[in-house]
Amino acid sequence: MTSQIGVEKKIIAAATVFVLTLSAVIALSVKLYSIDLPTCLTDVKPFTEGAVIQHGPNRYEVQYVAKMWKFEPAEISITPGSTVDIYLAAPDVTHGMQIVGTNVNLMAVPGVVNYARVKFTKPGDYLIVCNEYCGIAHQNMAGVIHVTGDAPPVTAPTKVDAAADARGMELLETHLCTACHSVDGSDGPGPTLKGLHGAQRELGDGSIVTADEEYLRESIVSPEAKIVKNFDDSMPPSEIPPDELAEIIEYLKRLK
Amino acid sequence: MQSAVIPYTRLEVEPGLRRIILFGISFPMVLLILGIVTGFLQVLYRAGIIRAQSFLGIEYYQGLTLHGTINAIVFTTFFAVVFGHAVMRFHTGRPLLLGAAWSSLILMTVGTLMAAVPMLTGDASVLYTFYPPLKAHPVFYIGLVVFVVGSWIAFFSWIPVYKAWKRDHPEHKMPLGVLGTFATFIVWFIATIPVAIELIFLLIPWSLGWTQTVNVPLARMLFWFFGHPLVYFWLLPAYVMYYTMLPKLAGGKLYSDFAGRFTFLWLIVYSAPIGIHHQYTEPGISSSWKFIHMFFTMLVAIPSLVTAFTLAASMEHGARLKGGTGLFGWWKKLPYFDGERWLFSYLFAGLFIFIFGGITGIINASYNLNLVVHNTSWLPAHFHQTVAGPVFLAFLGGSLLLVSTLMGKNVAFRKVAVWVPYIWTLGIMTFSTGLFVGGVNGEPRRTNMGLTYSNPESPLYQSSWEFARIVGSIGGTIMFIAMVLFFLVFFATLLGKRVSEPALEMPVSEPYHDEDVRGVQRLTPWLAGAVLLLILAYTMPFVTVFRDGYEGAPAYSPASPLPQAKQ
Numbered sequence: 001m002t003s004q005i006g007v008e009k010k011i012i013a014a015a016t017v018f019v020l021t022l023s024a025v026i027a028l029s030v031k032l033y034s035i036d037l038p039t040c041l042t043d044v045k046p047f048t049e050g051a052v053i054q055h056g057p058n059r060y061e062v063q064y065v066a067k068m069w070k071f072e073p074a075e076i077s078i079t080p081g082s083t084v085d086i087y088l089a090a091p092d093v094t095h096g097m098q099i100v101g102t103n104v105n106l107m108a109v110p111g112v113v114n115y116a117r118v119k120f121t122k123p124g125d126y127l128i129v130c131n132e133y134c135g136i137a138h139q140n141m142a143g144v145i146h147v148t149g150d151a152p153p154v155t156a157p158t159k160v161d162a163a164a165d166a167r168g169m170e171l172l173e174t175h176l177c178t179a180c181h182s183v184d185g186s187d188g189p190g191p192t193l194k195g196l197h198g199a200q201r202e203l204g205d206g207s208i209v210t211a212d213e214e215y216l217r218e219s220i221v222s223p224e225a226k227i228v229k230n231f232d233d234s235m236p237p238s239e240i241p242p243d244e245l246a247e248i249i250e251y252l253k254r255l256k
Numbered sequence: 001m002q003s004a005v006i007p008y009t010r011l012e013v014e015p016g017l018r019r020i021i022l023f024g025i026s027f028p029m030v031l032l033i034l035g036i037v038t039g040f041l042q043v044l045y046r047a048g049i050i051r052a053q054s055f056l057g058i059e060y061y062q063g064l065t066l067h068g069t070i071n072a073i074v075f076t077t078f079f080a081v082v083f084g085h086a087v088m089r090f091h092t093g094r095p096l097l098l099g100a101a102w103s104s105l106i107l108m109t110v111g112t113l114m115a116a117v118p119m120l121t122g123d124a125s126v127l128y129t130f131y132p133p134l135k136a137h138p139v140f141y142i143g144l145v146v147f148v149v150g151s152w153i154a155f156f157s158w159i160p161v162y163k164a165w166k167r168d169h170p171e172h173k174m175p176l177g178v179l180g181t182f183a184t185f186i187v188w189f190i191a192t193i194p195v196a197i198e199l200i201f202l203l204i205p206w207s208l209g210w211t212q213t214v215n216v217p218l219a220r221m222l223f224w225f226f227g228h229p230l231v232y233f234w235l236l237p238a239y240v241m242y243y244t245m246l247p248k249l250a251g252g253k254l255y256s257d258f259a260g261r262f263t264f265l266w267l268i269v270y271s272a273p274i275g276i277h278h279q280y281t282e283p284g285i286s287s288s289w290k291f292i293h294m295f296f297t298m299l300v301a302i303p304s305l306v307t308a309f310t311l312a313a314s315m316e317h318g319a320r321l322k323g324g325t326g327l328f329g330w331w332k333k334l335p336y337f338d339g340e341r342w343l344f345s346y347l348f349a350g351l352f353i354f355i356f357g358g359i360t361g362i363i364n365a366s367y368n369l370n371l372v373v374h375n376t377s378w379l380p381a382h383f384h385q386t387v388a389g390p391v392f393l394a395f396l397g398g399s400l401l402l403v404s405t406l407m408g409k410n411v412a413f414r415k416v417a418v419w420v421p422y423i424w425t426l427g428i429m430t431f432s433t434g435l436f437v438g439g440v441n442g443e444p445r446r447t448n449m450g451l452t453y454s455n456p457e458s459p460l461y462q463s464s465w466e467f468a469r470i471v472g473s474i475g476g477t478i479m480f481i482a483m484v485l486f487f488l489v490f491f492a493t494l495l496g497k498r499v500s501e502p503a504l505e506m507p508v509s510e511p512y513h514d515e516d517v518r519g520v521q522r523l524t525p526w527l528a529g530a531v532l533l534l535i536l537a538y539t540m541p542f543v544t545v546f547r548d549g550y551e552g553a554p555a556y557s558p559a560s561p562l563p564q565a566k567q
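For the record, the sequence lines run as chains A and B.
Residue numbering for the first sequence follows this note's numbering, starting at 1 and increasing by one per position.
Residue numbering for the second sequence follows this note's numbering, starting at 1 and increasing by one per position.
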């Protein structure tokens with residue numbers, strides 16, 4: 001039956017030629033269009049704080065930190081035509097970073113820095129999505145890159161007590177409250193903090209309580225005491241120093 | 001126009017082996033109900049129909065962990081092992097080592113239950129890929145190790161059985177089914193060594209608090225050394241069914257015995273040295289090594305193409321014997337809805353889905369093209385067209401075959417049984433279409449989108465993913481309906497009345513071309529090739545992971561952004 005082997009050998013040969021051609025086309029695309037995969041960087045040490053550095057009119061370097069459950073910086077504005085060098089570090093667990101609509105799709109792996117270069121030609125708001133599971137609030141982890149012809153938007157202080165508010169927000173971030181609780185009115189793994197003070201809260205057992213100052217204090221120090229309906233008891237009790245706790249509560253009262 | 005003769009061959013087997021196989025099918029089948037329900041819930045969350053962290057007492061990522069672990073690890077491995085028992089017993093005609101088979105079954109069951117407890121209590125919501133530094137309860141990792149060791153024992157127990165057969169049949173080629181089963185478990189053995197190293201030396205001591213940190217890039221490389229041969233471990237039992245059963249069910253012969261042997265041996269060599277194609281977008285691995293793994297990945301597509309053409313030729317042979325004519329006219333003569341040959345629909349539908357699963361696999365593997373789809377919903381779409389396509393359908397059909405014949409029962413609701421694979425195919429093609437479209441538009445996989453991206457009340461709501469969500473959830477619903485029907489058929493068969501003497505019955509295809517090619521008759525050169533290629537493909541990547549001395553990561557619970565306190 002050796003005659004049939006001839007046919008099968010031809011089929012295997014054809015498959016091999018197909019594979020070789022495909023690999024050659026891919027190699028060519030890497031060389032011609034410079035669309036390559038991230039490689040091993042050994043000269044960049046992992047960092048823990050995000051930064052935007054402008055190197056020229058259309059040249060930026062962004063050091064992104066991916067951590068539970070946000071990107072830092074979460075929001076940047078650049079002009080169309082800008083080329084951005086992206087460095088990515090993960091100080092806690094593994095994350096993913098995809099800038100939707102670009103070829104930037106990077107894994108953020110603890111201990112190692114990842115890198116990609118991207119040029120933004122079209123104006124628009126580019127969504128950054130964490131696309132690797134990183135814990136219960138993974139679905140909240142996103143950011144945005146505004147590519148806009150206007151000058152980068154200046155964030156003017158809108159409140160009289162801007163300095164105290166900044167301090168309050170800093171404390172919320174330091175104690176990782178904002179990992180689960182937003183200040184913009186949207187619920188995450190935990191309820192939002194916006195407008196919380198003075199509101200009526202329905203608990204898991206159906207009872208209604210008013211979120212007064214004492215309620216805020218108790219919910220921070222021993223969160224398991226009152227669980228709001230539709231949320232669970234996964235918040236750990238915190239040991240915030242009393243002076244900072246007082247500052248946080250004052251800030252929450254202003255957060256309307 | 002169908003032949004009245006049932007194309008099955010009978011073999012009486014020992015009651016002990018019967019019990020092992022029946023338990024090894026039924027136990028994971030009960031767990032599969034939970035795996036299917038949690039799968040269905042995924043599409044409801046993703047479509048924004050469920051907008052919550054938990055539903056029915058199961059947290060989203062806990063359900064996702066259960067779905068992946070039960071469906072892709074527990075159900076598949078149990079089936080591969082007991083189907084391996086059946087094939088070894090059937091094709092060698094020799095009794096198996098029942099003591100070893102029992103030990104294997106008990107270890108696998110104990111391992112499954114150990115892993116199940118922390119998953120059910122929510123202490124192992126790390127998904128079935130368990131990437132550190134997210135940490136599960138140590139019992140989860142230990143259970144996985146016990147489970148894997150159990151599956152090894154089954155494999156080792158077949159080697160003396162084959163050797164005894166070979167002594168009696170020195171002039172015969174290894175039966176194709178036996179070669180396929182050995183290929184399955186050689187691939188599994190190669191795959192599970194790195195993951196056993198990851199679990200035993202990195203994750204278990206770390207989760208117990210004996211070591212403070214874990215080297216994440218090293219753990220990931222070990223995991224993907226396991227992760228890709230794992231998919232061929234899933235696929236190979238399906239290939240055994242395709243080569244040894246499908247041609248007979250189609251009424252013909254296997255077009256080429258050589259093609260089958262070549263496919264099995266080639267997969268032993270090329271299924272493992274390609275794991276870095278799962279790590280294309282990661283730091284810490286040079287892009288040259290990524291390219292080399294890409295090239296080997298392309299080579300592993302060859303046996304799948306050979307299989308596709310060989311099986312099409314085998315089915316054509318059967319169809320022409322039944323009067324099929326013309327270039328395409330013979331397609332009409334295949335037993336798509338023949339109740340006597342109900343197993344045909346399970347294998348045929350799986351092959352159809354695999355055309356798309358295979359093509360999208362080549363896309364994923366294509367180096368820089370992966371940047372567009374990596375970790376998007378495109379990936380689960382591809383994954384379901386492979387593992388939940390040819391693999392899952394063949395395993396469902398195989399389970400039903402083993403249970404009905406070994407219990408001497410008729411397949412219940414046979415018309416429904418024949419239709420299940422086609423309904424499933426409709427479901428999975430619809431589901432994947434949604435996820436493919438979403439994926440190229442950036443929709444992430446493994447994400448509780450109901451809380452944010454699919455929730456119009458969230459500032460993160462993405463209206464551009466709406467089409468993908470609707471189509472995906474319609475497909476998921478059809479898949480769920482198909483599985484409800486399958487469970488009905490399966491459990492009605494299991495609990496039905498005995499109508500004949502229990503025996504192992506399988507369709508057995510004879511070769512049309514029984515080529516005598518020396519190169520595919522000895523395993524050893526191929527095993528040596530596999531080891532050599534692994535050394536070539538992995539030495540340098542491992543050296544760099546060690547040399548660069550990455551700082552270790554402490555343990556994190558999925559529920560808190562603070563590292564877990566020292567124990």
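The hints are simulated quantities; they were obtained by calculation from the structure and are not laboratory data.
These figures come from a predicted structure and were not determined experimentally.
You may find that some hints are simply not true.
[Claimed, not checked] Within a straight-line C-alpha distance of at most 20 Å, the following computed SDA-like cross-link-like pairs (lysine to any residue) qualify: (1) A:Lys-31 with B:Val-440; (2) A:Lys-253 with A:Asp-165; (3) A:Lys-10 with B:Val-517; (4) A:Lys-10 with B:Glu-515; (5) A:Lys-253 with A:Pro-242; (6) A:Lys-45 with B:Val-440; (7) A:Lys-119 with A:Asp-165; (8) B:Lys-173 with B:Asp-514; (9) A:Lys-31 with B:Val-531; (10) A:Lys-122 with B:Val-440; (11) A:Lys-9 with B:Asp-548; (12) A:Lys-119 with A:Val-62; (13) A:Lys-253 with A:Gly-206; (14) A:Lys-119 with B:Ala-313; (15) A:Lys-31 with A:Tyr-115; (16) A:Lys-9 with B:Ala-313; (17) A:Lys-119 with B:Leu-369.
Here is how each hint holds up against the structure:
Restraint check for A:Lys-31 and B:Val-440: the C-alpha separation of about 23 Å exceeds 20 Å, so the hint is violated. Taking the CA atoms of A:Lys-253 and A:Asp-165, the gap is near 11 Å; set against the 20 Å cutoff, the hint holds. Distance check on the hinted pair: A:Lys-10 and B:Val-517 sit about 15 Å apart at the alpha-carbon level, within 20 Å; holds. With a C-alpha separation of about 15 Å, the suggested pair A:Lys-10 and B:Glu-515 falls inside the 20 Å cut-off, and the hint holds.
Using a Cα cut-off of 20 Å, the hinted pair A:Lys-253 and A:Pro-242 holds, with the two alpha carbons roughly 17 Å apart. The hinted pair formed by A:Lys-45 and B:Val-440 fails the criterion: a straight-line CA distance of about 32 Å is larger than 20 Å. Distance restraint check for A:Lys-119 and A:Asp-165: the Cα-Cα separation of roughly 36 Å exceeds the 20 Å cut-off, and the hinted pair is therefore not satisfied. In summary, the hint linking B:Lys-173 to B:Asp-514 is supported, as the alpha carbons are separated by about 10 Å, within the 20 Å threshold.
For the proposed pair A:Lys-31 and B:Val-531, the alpha carbon gap of about 32 Å is over 20 Å, so the pair is violated. At roughly 18 Å between alpha-carbon atoms, A:Lys-122 and B:Val-440 fall within 20 Å of each other, so this suggested pair holds. A distance of roughly 45 Å separates the Cα atoms of A:Lys-9 and B:Asp-548; the hinted pair therefore is violated under the 20 Å criterion. For a cut-off of 20 Å, the pair hint linking A:Lys-119 to A:Val-62 stands: about 13 Å separates their Cα positions.
Under the criterion of a C-alpha separation no larger than 20 Å, the hint pairing A:Lys-253 with A:Gly-206 is inconsistent with the structure, at around 25 Å. For the given pair, A:Lys-119 sits about 50 Å from B:Ala-313 by alpha-carbon distance, which is inconsistent with the 20 Å threshold. With a CA separation close to 18 Å, the supplied pair A:Lys-31 and A:Tyr-115 stays within the 20 Å bound. Between the alpha carbons of A:Lys-9 and B:Ala-313 the distance comes to roughly 15 Å, so the proposed pair stays at or under 20 Å and holds.
Restraint check for A:Lys-119 and B:Leu-369: the C-alpha separation of about 18 Å stays at or below 20 Å, so the hint holds.
Comparing the model with each numbered hint stated earlier shows that hints 1, 6, 7, 9, 11, 13, 14 do not hold.
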